[in-house]
Every structure is written in structure tokens, then in C-alpha cells.
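Novice: Build the full structure now, drawing on both the sequences and the hints.
Protein chains in written order, with our numbering: chain Y, 1 to 208; chain X, 1 to 208; chain U, 1 to 278.
No lab work stands behind these hints, which were simulated from the structure alone.
As the structure is a prediction and not an experimental result, all values here were calculated from the model.
Glycine included, C-beta positions come from ideal geometry on N, C-alpha and C.
Worth double-checking, as some hints may not be accurate.
[Stated by the list, open to error] The calculated DMTMM-like cross-link candidates involving lysine to aspartate or glutamate, where the alpha carbons are at most 25 Å apart (straight line), are:
1. LYS135(Y) with ASP138(U)
2. LYS8(X) with GLU62(Y)
3. LYS178(U) with ASP157(X)
4. LYS64(U) with GLU96(U)
5. LYS126(X) with GLU166(U)
6. LYS126(X) with ASP211(U)
[Unchecked claim] Beyond 10 Å from chain U on every Cβ pair, some chain X residues (computed):
7. MET1
8. SER3
9. THR23
10. ASN34
11. PHE35
12. ARG39
13. PRO40
14. ARG41
15. VAL42
16. GLU62
17. THR122
18. MET125
19. LYS126
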Amino acid sequence: MISEQQLKQLIEAAVFTAEQPVTVDQLLSGVLANFSLNRPRVRQALEALQNDYRDRGIELVEVASGYRFQTRAELAPALVHMWPERAPRYSAALLETLALIAWRQPVTRGEIEAVRGVSVSTQIMKTLQERGWVKIVGHKEVPGRPALYATTKAFLDYFSLTSISDLPALAQERPELIDVDEAAAPQSGQAELLTDTRERDAEEETKA
Amino acid sequence: MISEQQLKQLIEAAVFTAEQPVTVDQLLSGVLANFSLNRPRVRQALEALQNDYRDRGIELVEVASGYRFQTRAELAPALVHMWPERAPRYSAALLETLALIAWRQPVTRGEIEAVRGVSVSTQIMKTLQERGWVKIVGHKEVPGRPALYATTKAFLDYFSLTSISDLPALAQERPELIDVDEAAAPQSGQAELLTDTRERDAEEETKA
Amino acid sequence: MIDTQHSLPLGFVRGEPIFDQPEDLYIPPEALELMLDLFCGPMDLLLYLIRRQKMDILDLPILKITEQYMVYVDMMRELKLELAADYLLMAAMLAEIKSRMLLPQKHDDDDDEGDPRAELVRRLQEYEIVRAGAQQLDEQPQQERDYFVAQAYTDARDFAGQTPAEVSLEELGLALAKVMQLVEVQAHHQIKREHLSTRERMSIILSRLDDQGSLEFQQLFSPEEGRSGVVVSFLALLELNKEGLIVLTQAENFSQLYVRKATRVDASPWQQDESRDF
Chain Y
1 MISEQQLKQL IEAAVFTAEQ PVTVDQLLSG VLANFSLNRP RVRQALEALQ NDYRDRGIEL
61 VEVASGYRFQ TRAELAPALV HMWPERAPRY SAALLETLAL IAWRQPVTRG EIEAVRGVSV
121 STQIMKTLQE RGWVKIVGHK EVPGRPALYA TTKAFLDYFS LTSISDLPAL AQERPELIDV
181 DEAAAPQSGQ AELLTDTRER DAEEETKA
Chain X
1 MISEQQLKQL IEAAVFTAEQ PVTVDQLLSG VLANFSLNRP RVRQALEALQ NDYRDRGIEL
61 VEVASGYRFQ TRAELAPALV HMWPERAPRY SAALLETLAL IAWRQPVTRG EIEAVRGVSV
121 STQIMKTLQE RGWVKIVGHK EVPGRPALYA TTKAFLDYFS LTSISDLPAL AQERPELIDV
181 DEAAAPQSGQ AELLTDTRER DAEEETKA
Chain U
1 MIDTQHSLPL GFVRGEPIFD QPEDLYIPPE ALELMLDLFC GPMDLLLYLI RRQKMDILDL
61 PILKITEQYM VYVDMMRELK LELAADYLLM AAMLAEIKSR MLLPQKHDDD DDEGDPRAEL
121 VRRLQEYEIV RAGAQQLDEQ PQQERDYFVA QAYTDARDFA GQTPAEVSLE ELGLALAKVM
181 QLVEVQAHHQ IKREHLSTRE RMSIILSRLD DQGSLEFQQL FSPEEGRSGV VVSFLALLEL
241 NKEGLIVLTQ AENFSQLYVR KATRVDASPW QQDESRDF
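Specialist: Rendered as C-alpha cells:
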């Protein structure tokens with residue numbers, strides 16, 4: 001048997017030392033593997049932990065790919081002062097490209113360029129992939145088989161999103177299209193593709 | 001002015017987000033730069049934090065280069081399960097060396113190298129011996145007196161083998177063997193022999 | 001026409017204040033360059049021009065917009081800015097739409113499909129969504145800017161590093177098959193195959209001799225192993241003897257035979273004889 005305190009200690013230690021946000025399932029099959037616990041019990045302990053940290057400098061939050069401890073928002077200005085070298089600056093072009101991939105995924109570079117009206121720099125695509133925010137999920141079956149890009153859970157985590165629809169602008173439908181090639185790809189087919197991408201994400205998460 | 005709670009929150013957040021242990025001076029010139037605080041005050045807050053974390057899964061400790069949060073020592077065995085992918089994988093070179101020792105024992109390092117066509121690293125031989133799968137059973141009386149390696153009972157146990165000849169690859173190989181004893185020993189007799197061998201091995205283990 | 005724009009606040013592009021009156025025909029080159037840096041391309045500039053004049057995208061006044069856009073493009077060309085290529089493409093598109101708008105229109109052409117502006121309007125709408133999305137994304141709490149991930153040190157990983165690797169029997173079997181293949185390819189004449197249990201028994205005998213020094217010959221045989229066991233042990237002894245790993249000694253003929261491990265003294269004269277070139 002495991003006491004409530006032991007359970008909280010194990011979860012706490014696991015979340016604090018994980019490199020990525022941790023899911024309930026990862027806890028169950030990892031640090032809690034030797035105890036027969038169920039999901040509700042773990043969720044309960046996580047809630048208790050969230051409570052424990054209510055008045056502390058850090059908080060336990062649930063993001064797209066699991067739970068993580070992070071610093072309280074109001075402390076950021078002082079902390080940025082502590083780690084000035086870490087403060088990132090992303091160009092408007094990069095954010096635009098990222099938002100576009102998030103909204104229209106899976107999408108080819110050509111399609112990104114068509115919407116933005118400007119060629120996409122290789123550097124931006126490289127940065128997005130190196131940061132783990134964007135990845136290639138397949139290739140479009142057209143001449144040249146261009147890569148299809150999609151956003152990852154790490155992207156959602158970084159921007160404190162649980163879903164892309166958390167961004168109201170990107171929750172919108174695409175304006176009516178008149179393109180011929182678009183007509184060839186029905187909406188339902190697109191939706192299916194997105195589901196696949198998500199599933200593939202989940203698979204990768206498990207592997208990682 | 002800064003309240004005791006705010007002070008603790010800032011220190012807590014800074015120590016939790018630092019990549020290295022943090023010193024009192026780093027805190028004073030970093031996250032606490034905008035408040036006029038002195039060392040004793042910060043030390044006091046750190047002590048208070050240590051107290052706050054007394055019964056948690058992590059603790060605030062002072063190491064040579066500063067303060068850091070670390071997991072409680074007794075949680076390590078459970079935490080290990082969080083990184084199953086961290087379990088080392090043996091290289092093909094190591095497995096081939098092990099297989100070769102099992103098959104050709106007692107065998108010298110030079111003989112292993114002659115078969116594999118590459119030199120066998122000292123690390124591999126060390127790993128195999130540390131793992132308890134391979135031991136030196138003597139020295140070949142040739143110049144340099146190279147050590148003779150053989151597999152152990154622990155090796156057989158690990159792979160649930162009763163004898164080296166249980167190795168799948170060797171089983172396939174058997175029809176090609178035309179050794180004298182093969183003709184002399186009926187299958188049933190051989191099985192008996194293998195059991196006995198195991199017992200004798202067990203005796204050896206006890207003595208050793 | 002341009003005069004009316006003077007009083008309008010130029011507002012902000014991506015949160016950055018826009019420089020004074022860019023609609024003036026003269027903009028200092030550095031200022032234009034800086035300003036263009038703020039735009040993410042021709043769509044952004046176009047959208048900016050539309051927004052600045054409080055025009056409706058859906059009712060795009062193509063003539064006016066094209067005119068204004070061309071002012072910027074001309075300046076860019078004069079300054080030979082690298083960005084010009086993408087902007088020129090847009091200029092060409094605008095010019096094309098403009099010319100089609102000037103052509104006499106058919107009566108049934110008032111639906112969207114027939115409007116030459118339709119495609120551009122759709123693209124602008126689409127771009128506007130992306131632009132707003134980027135802005136909202138930028139406003140989201142971002143790691144290392146608005147929050148930091150809290151992590152604790154652990155030595156549990158070292159602990160994990162020490163857990164020995166798992167190896168399956170299959171893996172070992174595969175490794176062995178590979179090794180056997182190597183042996184076969186290299187020299188199947190040179191390396192004589194002994195029966196496995198013989199090799200294994202050789203190890204066992206060496207091990208026992210290590211522990212016990214010397215043994216009586218009979219001690220190395222277990223009658224309970226049966227005939228085959230005795231054969232295996234005997235073959236192992238012969239092989240060990242042949243390889244110079246053991247020494248068989250006897251005080252006199254027909255007396256007790258002892259087995260001990262070979263030492264340098266035992267082996268070296270014989271070894272040297274072998275290697276000596278006569």
C-alpha cells in the first residue's frame with residue numbers, strides 16, 4: 001500500500017524531473033508501476049498537489065501533453081532578469097508561418113507561401129523543426145511529393161495551449177475557396193488526415 | 001518592500017528554473033535585483049523554503065556550488081521507471097563478442113578479434129565481466145599469456161539456458177556437426193548430461 | 001486624395017508604431033527599409049494599406065489600393081531592396097485585376113465568381129486570419145518569456161544508467177548467427193568445430209583447476225553423467241592438452257594421473273620448439 005503522502009511525493013518528484021510534461025498514464029506505468037493505482041486516484045493526487053502549490057512561486061499546470069510545474073506568471077519579469085540570455089525573440093514572419101501551419105495543417109511549403117504571398121525562408125522552417133514545434137507528417141501526392149508540415153504537442157505546450165482552437169483566429173474556417181485543386185480534396189478527407197496526424201503524434205509521444 | 005512570501009516565491013522560482021545550483025549572490029543580483037535585500041535575509045528565506053519542502057518529494061539542498069532542488073534519495077528506485085528508454089542498449093559488438101565467447105570458449109581476446117576482424121574494446125570485456133556473464137578461466141600459455149574467457153552460470157541463467165548448446169543459432173548448426181561424441185551419445189543421454197552440468201556449475205558458484 | 005490621409009493616425013503594425021506619414025511620396029530610405037522589415041510581405045503591406053484607410057476587404061477599392069501599393073513598390077525598386085520580388089508579383093496581380101475591372105462588365109457578372117477581385121479578397125481574408133493567429137500566438141504565455149518550467153535535479157537517472165541493459169535470447173542468437181557466418185566466410189577449414197558441450201566443458205575444467213589447483217584425472221569425470229558425459233569430459237581434456245592449457249602429470253607408469261593448469265614453464269620450451277626455424 002501507498003500512503004497519500006508517498007503518492008504525492010512520487011508524482012511530484014516524477015513531474016519535477018521529467019524533461020517533458022507527464023501524463024497520468026506515464027505516471028502509472030512509470031514511477032507508480034509497483035503500486036496498483038487507478039487513474040482517478042492519480043488525478044486526485046495531482047489535484048491535491050495543485051492545491052499544495054497554490055501559494056508558491058511555481059504551480060502545477062496541465063498542458064497539451066501532460067502536467068508540468070512552471071513559474072507563476074507574475075514572477076516572469078524578475079525571472080527574465082535572472083536569465084536574460086534565455087529570453088527568446090521570434091520574428092513576425094516565424095510566428096506567421098507557425099500560425100499558418102497550425103491552422104492549415106497538414107500543409108506544404110508551397111501552400112504556406114501562397115497564403116503569405118512571400119517565399120518562406122529555409123531558416124524559419126529549420127528553426128520551427130529544431131524547436132520541435134513543427135514536423136513533417138507525410139508527403140503530398142502531387143508532382144515533387146512536397147513535405148506536409150504539422151504542428152506538434154511541444155508547440156502547444158510551449159505556447160500554453162491545450163488545442164489550436166484556443167487561438168480564436170485559428171478556430172475560424174478557411175474562407176470560401178475557388179481553387180480547382182482544392183475542390184479535389186474534400187473537407188472530410190482533410191479532417192481524416194488531421195485525425196491521423198494527431199494519432200501519429202500520440203504514437204510518437206509514447207515512443208519518446 | 002517585499003513580503004516574506006514574495007521573497008520565498010521569487011527564490012523558489014529562480015532555483016527551480018536554474019540549470020545549475022544557484023548561489024545567494026546570484027539571487028541577489030538576479031531575481032532579487034530590484035529589492036534591496038542582504039545576504040542574511042536571503043539565507044533566512046532559503047532556510048524557510050527548506051522547511052516548507054521537508055515532507056515533499058523534493059528537497060532544497062545546498063551543494064558546493066549553491067542551492068538546488070533535488071528529489072528525495074529514497075524515491076530514486078521508483079523514479080528510475082520514468083526513464084525506461086534510458087536503459088542502456090548493448091552494442092552489436094558486445095553481443096557478438098559475448099556470442100563468440102559462448103560458442104568458442106575458452107577463448108582469448110586475440111581469437112575473438114581474429115573472427116570478428118576488428119579489435120575488441122577493453123570496455124566490452126570489462127562490461128561483460130562486470131555483468132557477471134564472462135570470466136577469465138585461465139591463461140593461454142603462449143607469449144603474453146593472454147586471458148582465456150568463458151561464459152558463466154549467471155550467463156546461462158540470464159538467458160534461461162541450461163547449456164550453451166541451447167542457443168537457437170547453435171541448434172540450427174547441429175546437424176553439420178560430426179563430432180565423435182555425437183554418435184556415441186544418444187539424445188536422451190545428452191539431455192541428462194546437460195542437467196548434470198548445471199548442477200556442477202551450481203556447486204562451483206557456491207564455492208566461488 | 002492623399003491629403004485626406006494626413007490626419008489619420010497611422011496606428012501600429014505588429015505593435016510597433018508606424019513612422020510618420022508613409023503616404024508622402026518621399027520617405028527616407030532608411031525609414032522605408034525599417035518599415036518594410038515590419039511587414040511580413042506583400043499581403044501584409046496590402047492589408048496595412050486597406051486597414052489604414054478603413055476600407056472593407058470585401059469591397060476592395062482596387063484602383064485606390066493599387067495606386068498606393070505602387071508607390072511603395074516604386075520606392076522599393078528605386079532603393080533596390082531585395083524584398084521587391086515578392087512585392088512586384090503582387091503589383092502585377094493588382095495591375096491585372098485593375099485592368100479587368102476597367103473592361104466593360106457583363107450584366108450577370110455581379111456575383112463573386114465573376115468579380116476579378118474575388119481571389120484577392122479571399123487571399124486577403126485568409127491572410128488576415130493567419131496574421132491575427134500569429135498575433136494571438138504571440139500574446140500566449142511563452143516559455144522563458146512569461147513562464148519558466150520548474151525542474152528539480154535528480155540522481156535517479158544515474159541509478160537508471162546503472163541498470164544493466166536487457167538482452168533477449170533472440171538478440172544473442174542473432175549475434176551468434178552473425179559470428180558463425182563470419183567464421184564460415186573467413187576460414188571454415190582453419191577453425192575446427194568442436195562440439196559445443198566440449199568447449200563448455202573445457203571452460204568448466206579450467207574453472208575447477210583454478211579453484212583447486214590440481215585434480216586427479218578421475219575427478220574430472222562424473223560417472224553419473226553416463227557414457228556421453230565421460231566422452232565430453234575426455235574430449236575436453238584432450239583439447240585442453242592439445243591447446244597447451246593443461247598439463248597431465250604422472251609420477252610413474254600406470255600410477256595416478258594428475259591434471260593441472262599449464263604454466264609458462266610448461267609451455268614455453270615446447271612453444272619455442274614449434275616456432276624455431278630449422
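Novice: Tell me the hint numbers this structure goes against, listed in increasing order.
Specialist: none
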